[in-house]
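Visitor: If you want the building blocks of each chain, they are given just below.
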Amino acid sequence: MLKTILKEVKEFKLASILTPILMLLEVISELMIPLMMGLIIDKGINSSNLNAVFKYGSLMLICAFAALLFGGLSAHYGAYAAAGLAKNLRSTMFKKIQGFSFKNIDKFETSSLITRMMTDVTNTQHSYQMSLRMGVRAPFTFIIALFMTFSINKKLASIFLYAIIFLAISLLSMMYFARIAFKEAFERYDDLNSSIQENVSNIRVVKAYVKEKDETARFIKTTKKLYDAFVKAENITVLNSPIMMLTTNACIIALSWFGANMIVNKTLTTGELMSMFTYTMNILHSLMMVSFFFIMIIMSFASMKRISEIINETPSITNPKNPITEVKDGSISFKDVCFEYYDNTEDYVLYNINLDIKSGETIGIIGGTGSSKSTLVQLIPRLYDVSLGSIEVGGVDVRNYDLKILRDAVSMVLQKNTLFSGTIKDNLKWGNKNASDEEIIEAAKHAQAHDFIMSFKDGYDTHIEQGGTNVSGGQKQRLTIARALLKKPKILILDDSTSAVDTATDAHIRKAFREELPDITKLIISQRISSIIDADRIIVLDDGKINGIGTHEELLETNNIYQEVYETQYKGGDSHE
Amino acid sequence: MSRRVIATDKKLDVKVLKRLIKYYLKYNKLSLFIVFVSIAIVSLISVAGSLFTRVLIDDYIIPLTKQANPDFTPLKKVLLIMASIYLVGIVFNYLYQKILIYVTHKTLKKTRDDLFAHMQTLPIKYFDTHPHGEIMSIYTNDIDTLRQVLSQTIPSLFSSTITIISVFISMLVLSVPLTFIIIFMLFIMRKAISWIGKNSSKYFKKQQSDIAKENGYIEEMMEGIKVVKVFNYEEEAINRFEKINDSLFNSSFNANKFSTLLMPIMGNLGNISYVLTAAIGGIFAIAFNSITVGTLASFLNLNKSFNMPVIQISNQFNAIIMAMAGAERVFKLLDEESETNEGDVTLVNVRKENGKLIECDECTNIWAWKHPGRNGEDRLILLKGDVRFYDVTFGYNENQTVLKNINLYAEPGQKLAFVGATGAGKTTITNLINRFYDIQEGSITYDGIDIKLINKNDLRRSLGIVLQETNLFSGTIKDNIKYANPEATDEEVIQAAKLANADGFIRHLEHGYDTVIKSDGSPLSQGQKQLLSIARAALANSPVLILDEATSSIDSRTEKIVQSGMDKLMSGRTTFVIAHRLSTIKNSNVILVLDHGEIIERGNHESLLKEKGTYYKLYTGLLEIE
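Protein sequences, first through last, are from chains A and B.
The opening residue of the first sequence carries number 0 in numbering that gives the first Met the number 0; numbering runs sequentially from there.
The opening residue of the second sequence carries number 0 in numbering that gives the first Met the number 0; numbering runs sequentially from there.
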């Protein structure tokens, strides 16, 4: 996992190496300072020697400036390296996700992918920056300070060993219990979140049934639990500062007593004792830092793990080794196709589908929700791969084509059709980046979109909001059809894409298809019989199986489901078309 | 973590601060008093501690070295005294921190509870005009900034101030000229802090907006990933992403750089200040003899304990500014105006005696409106479910009219259906009946009483509602059905479920009526959720029903089951139906076709079809309904 993350350091390797080195230099310069302070007092002020004050003063000044310089540079490179790692991680993840098949994406869910790319990467960025800086600073301060105290006076310095053992044990056990308690507390925090969410989104029901007071009472129970959990957790961490104070103060008292004895015995100078006092803070403080550092790193492991999962995921659909780069025609054939969303569950949503569609044919597909109509057509451009059996386009197994070539040949208007922020023209050009204005207008005309586009003030340059919220449902559908047509595909799939279009326009679109685009194989999924009534053949899907195939008239006579749907839509005998 | 902003636009809203402190003090006066006294003791002890080492060396250790037979008793004594003082400090430190935990979390809980209780009283308009994410963030992000201020910033500011003042006074006592050096250095430190703050806040803001931009882009590409794939758009998507990502890299790098620069710069400025005082003090002490060596040493010691609190204050100041922004949003919600409820007509249980209505306390399942008369005599009007609109005109805001001159009447037990395009005003009509919104012109009556005169709670109790979004609550299925009527018996719950065709599937669940569902309704299907909300309305047993697109997200087959449940629910009740699928409203007594806020056609299914107008076009699919 760490390896996966660290691989992304790439061009920021130099900065990543410089940062700890600079940090180390800063620590060394900084730790020289208490030594100089002691010397200023001892050799200078106590001995009334002004020259010594200046000498050690200027040395200390040099150290301070050096520490400032190194510290500044290390801050610069540390931030640079960590931000760089974050950038590379996001970029690698985004590229990786672009190569994901739907199977991969379904596994992670969109919201989780976004959290991983943003929040988890930010966490990793912080902990990387901390590793490069604090991860170096704390242990080195600790070791160097300890080394300094030992070089001043071994016997006196041994006091620290007891202090370190005491502090380390208390800090570690405290953190152990705190982690458990905080985990619980954050779960209560999630409860708080969902109870507010629930109330806010259900507010109409709350008000309609006059339940405001009961809701408040329920909420107070939730906040009480939250309160209890946090108080419990913080009652553990609150021990931190008294323990630190206890250890520091005990060290100072012990140092004073033993130090005084040594000074009297002339084995220690007062200046050295002063330095020892200063190092006490350094040692104990850095020990605390080390333990915090470990906790932070361990906490960010969860984020790193989630990132690695993305980077290490193998795309379930990839290009074949020697791909075929030409799609001959728009014929399609399904051979014993079975499909399941999750491997080896044998929970087939499509079962034993056999189907031959000639190039240029128009096929209608009808069936209830959950009959797997969308799944069926999504197998053709390899949005999913079949679990068993095979699908051929132009006489070749779809898995043998170059993916780009295959998807260029198979144009699909999805049920959940998406427009992107940008102008109408930008959106249509998704179908063909180099399309000329004439081509765009032609496609828009076929999709019956040209007229309403021209009715907008800015015509084809009208800006579309994210998600296409500023055009009506029917207009959106027509735009997505135009976009699909611009690809000049061999196969065109409409997945319930005219549901919001009025029947007259719908008929115009189909007429245009028939007359202007006769060579394209057309697969039309619809809930509305009127949209598929004139198809060459209609497939009735039920529960993942083909229930019937035939023309409208044939099915009306032989197929129960088709009859039932027809009944509900045409009941009352209103004349139609 | 993303909120480690060092802000510089130091415009402190004093009013908000004052209010926050008042809120904070309200319930915790005694505890906070103890806290502040303890903090003062702890800070003074720590200042004393930093002076102690010098005293120790000058007054105890050095004299010892000059004695022929060193007597360690005074040293022992002073160390014991010091140890006890330290111990007192530790105890008080623990004490105040512990109290602070309770104070902080009690305040947070109280704030959240107050917010929530107030939020329940707000009109629907508030929820319609504020994104839900924004509302939730007040309870979490904004209150969290308060938490830091309450538990850390205020105590740390207080203790830093005490330390600074006591150290500063000690310094002044020791040497005035040397203190000037400190003040000079302080001035430089302040400059450094504001330089860092200015830059880091600039880049942090940039970083926030870059993050939002990148987030939005990823979201858009993820939502549209199928389209990306179908159109082979991956490369282009990556190219555009890289541009946004580079910009985020830049701002994130700079923001973090400046915030990490704070420590080395401040720490080493402190060191420089130390050297300056040592050198200048040395000249004073040694060359001019104007201060003693011991005084200088003490002064130097004080200098060291001066820098930390200065850095701390500058850090905490930014936390305060951030918390003020949070507090402002909290108070803004608390200041939102509640729904008014001035109506004095109430709903009461009655029984009939000799054709006369008599008010009673027990549940009779017969209800009446109690209309207080002027001369103290109350009038009782039987609750029947007769709803009328007279020339109703309404708009969600002043310069936009959604409904124009609506006149309609629903007799008890009738079924009224509204059809029309999105935005024609269908849902708005139902929003007016239960007074989620108030009308601007005209009047609405309920059993002949202007609804403005009816107590809102009672008005709403008399109206059942089933919405498109199924809106279930986390809890058991039974809890959800009983939502509107918590006193209902199990028998009644099952009765209601049966009426809604929900009993069958509930019994098939492993835990039956005690199955726990989440607030998103899982593990139930869309249709099952809808059946539950119908059962809920059935148990509420109100004479008037509002069904807002209740079946539109269900497929045709499930719809049949739901529809038959709904038909049973509607029988005998006045019902307002808004439907997407026209097949579901064919049997309505009256169908009203709305267009741009006006009723353009009215009649029943047959008569409207004969008219060959808009309804006919909608019904035959000649017109887009969306």
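Where hints are given, some of them may not hold.
What the hints assert, rightly or not - Calculated pairs, EDC-like style, for lysine to aspartate or glutamate (alpha carbon to alpha carbon, straight line, at most 16 angstroms):
1. Lys-97(B) / Asp-227(A)
2. Lys-224(A) / Asp-112(B)
3. Lys-225(B) / Glu-566(A)
4. Lys-108(B) / Asp-190(A)
5. Lys-432(A) / Glu-241(B)
6. Lys-225(B) / Glu-211(A)
7. Lys-95(A) / Glu-241(B)
8. Lys-428(A) / Glu-338(B)
9. Lys-105(B) / Asp-227(A)
10. Lys-212(A) / Glu-338(B)
11. Lys-220(A) / Glu-233(B)
12. Lys-559(B) / Glu-566(A)
13. Lys-94(A) / Glu-241(B)
14. Lys-95(A) / Asp-105(A)
15. Lys-432(A) / Glu-338(B)
16. Lys-108(B) / Asp-227(A)
17. Lys-94(A) / Glu-327(B)
18. Lys-517(B) / Glu-566(A)
19. Lys-403(A) / Glu-241(B)
20. Lys-455(B) / Glu-211(A)
21. Lys-94(A) / Glu-233(B)
22. Lys-212(A) / Asp-457(B)
23. Lys-94(A) / Glu-234(B)
24. Lys-17(B) / Glu-222(B)
25. Lys-432(A) / Asp-112(B)
26. Lys-616(B) / Asp-501(A)
27. Lys-95(A) / Glu-234(B)
28. Lys-95(A) / Asp-566(B)
29. Lys-95(A) / Glu-327(B)
30. Lys-106(A) / Glu-222(B)
31. Lys-428(A) / Glu-234(B)
32. Lys-212(B) / Glu-464(A)
33. Lys-403(A) / Glu-233(B)
34. Lys-223(A) / Glu-338(B)
35. Lys-517(B) / Asp-189(A)
Stated by the list, open to error - Here are the simulated distance ranges between beta carbons:
36. Ile-599(B) / Gly-458(A): 47 to 57 angstroms
37. Thr-339(B) / Lys-432(A): 51 to 61 angstroms
38. Asp-450(A) / Glu-610(B): 20 to 30 angstroms
39. His-510(B) / Cys-337(A): 26 to 36 angstroms
40. Ile-282(B) / Glu-10(A): 50 to 60 angstroms
Hints were generated in silico from the structure; no laboratory data involved.
Glycine included, each C-beta is placed from N, C-alpha and C at the ideal position.
Visitor: The structure should be examined with respect to each hint, and the outcome stated for every one.
Guide: Hints, verified against the model:
no., hint, in the structure
1, Lys-97(B) / Asp-227(A), "holds, 14 angstroms"
2, Lys-224(A) / Asp-112(B), "holds, 13 angstroms"
3, Lys-225(B) / Glu-566(A), "violated, 34 angstroms"
4, Lys-108(B) / Asp-190(A), "holds, 14 angstroms"
5, Lys-432(A) / Glu-241(B), "violated, 19 angstroms"
6, Lys-225(B) / Glu-211(A), "violated, 42 angstroms"
7, Lys-95(A) / Glu-241(B), "holds, 13 angstroms"
8, Lys-428(A) / Glu-338(B), "violated, 50 angstroms"
9, Lys-105(B) / Asp-227(A), "holds, 10 angstroms"
10, Lys-212(A) / Glu-338(B), "holds, 14 angstroms"
11, Lys-220(A) / Glu-233(B), "violated, 49 angstroms"
12, Lys-559(B) / Glu-566(A), "holds, 14 angstroms"
13, Lys-94(A) / Glu-241(B), "holds, 10 angstroms"
14, Lys-95(A) / Asp-105(A), "holds, 15 angstroms"
15, Lys-432(A) / Glu-338(B), "violated, 54 angstroms"
16, Lys-108(B) / Asp-227(A), "holds, 10 angstroms"
17, Lys-94(A) / Glu-327(B), "violated, 41 angstroms"
18, Lys-517(B) / Glu-566(A), "violated, 38 angstroms"
19, Lys-403(A) / Glu-241(B), "violated, 22 angstroms"
20, Lys-455(B) / Glu-211(A), "holds, 12 angstroms"
21, Lys-94(A) / Glu-233(B), "holds, 8 angstroms"
22, Lys-212(A) / Asp-457(B), "holds, 14 angstroms"
23, Lys-94(A) / Glu-234(B), "holds, 9 angstroms"
24, Lys-17(B) / Glu-222(B), "violated, 45 angstroms"
25, Lys-432(A) / Asp-112(B), "violated, 55 angstroms"
26, Lys-616(B) / Asp-501(A), "holds, 9 angstroms"
27, Lys-95(A) / Glu-234(B), "holds, 11 angstroms"
28, Lys-95(A) / Asp-566(B), "violated, 52 angstroms"
29, Lys-95(A) / Glu-327(B), "violated, 42 angstroms"
30, Lys-106(A) / Glu-222(B), "holds, 15 angstroms"
31, Lys-428(A) / Glu-234(B), "holds, 15 angstroms"
32, Lys-212(B) / Glu-464(A), "holds, 15 angstroms"
33, Lys-403(A) / Glu-233(B), "holds, 10 angstroms"
34, Lys-223(A) / Glu-338(B), "violated, 27 angstroms"
35, Lys-517(B) / Asp-189(A), "holds, 13 angstroms"
36, Ile-599(B) / Gly-458(A): 47 to 57 angstroms, "violated, 31 angstroms"
37, Thr-339(B) / Lys-432(A): 51 to 61 angstroms, "holds, 58 angstroms"
38, Asp-450(A) / Glu-610(B): 20 to 30 angstroms, "holds, 28 angstroms"
39, His-510(B) / Cys-337(A): 26 to 36 angstroms, "holds, 34 angstroms"
40, Ile-282(B) / Glu-10(A): 50 to 60 angstroms, "holds, 52 angstroms"
Going down the numbered hints, you'll see the structure goes against 3, 5, 6, 8, 11, 15, 17, 18, 19, 24, 25, 28, 29, 34 and 36, while the others check out.
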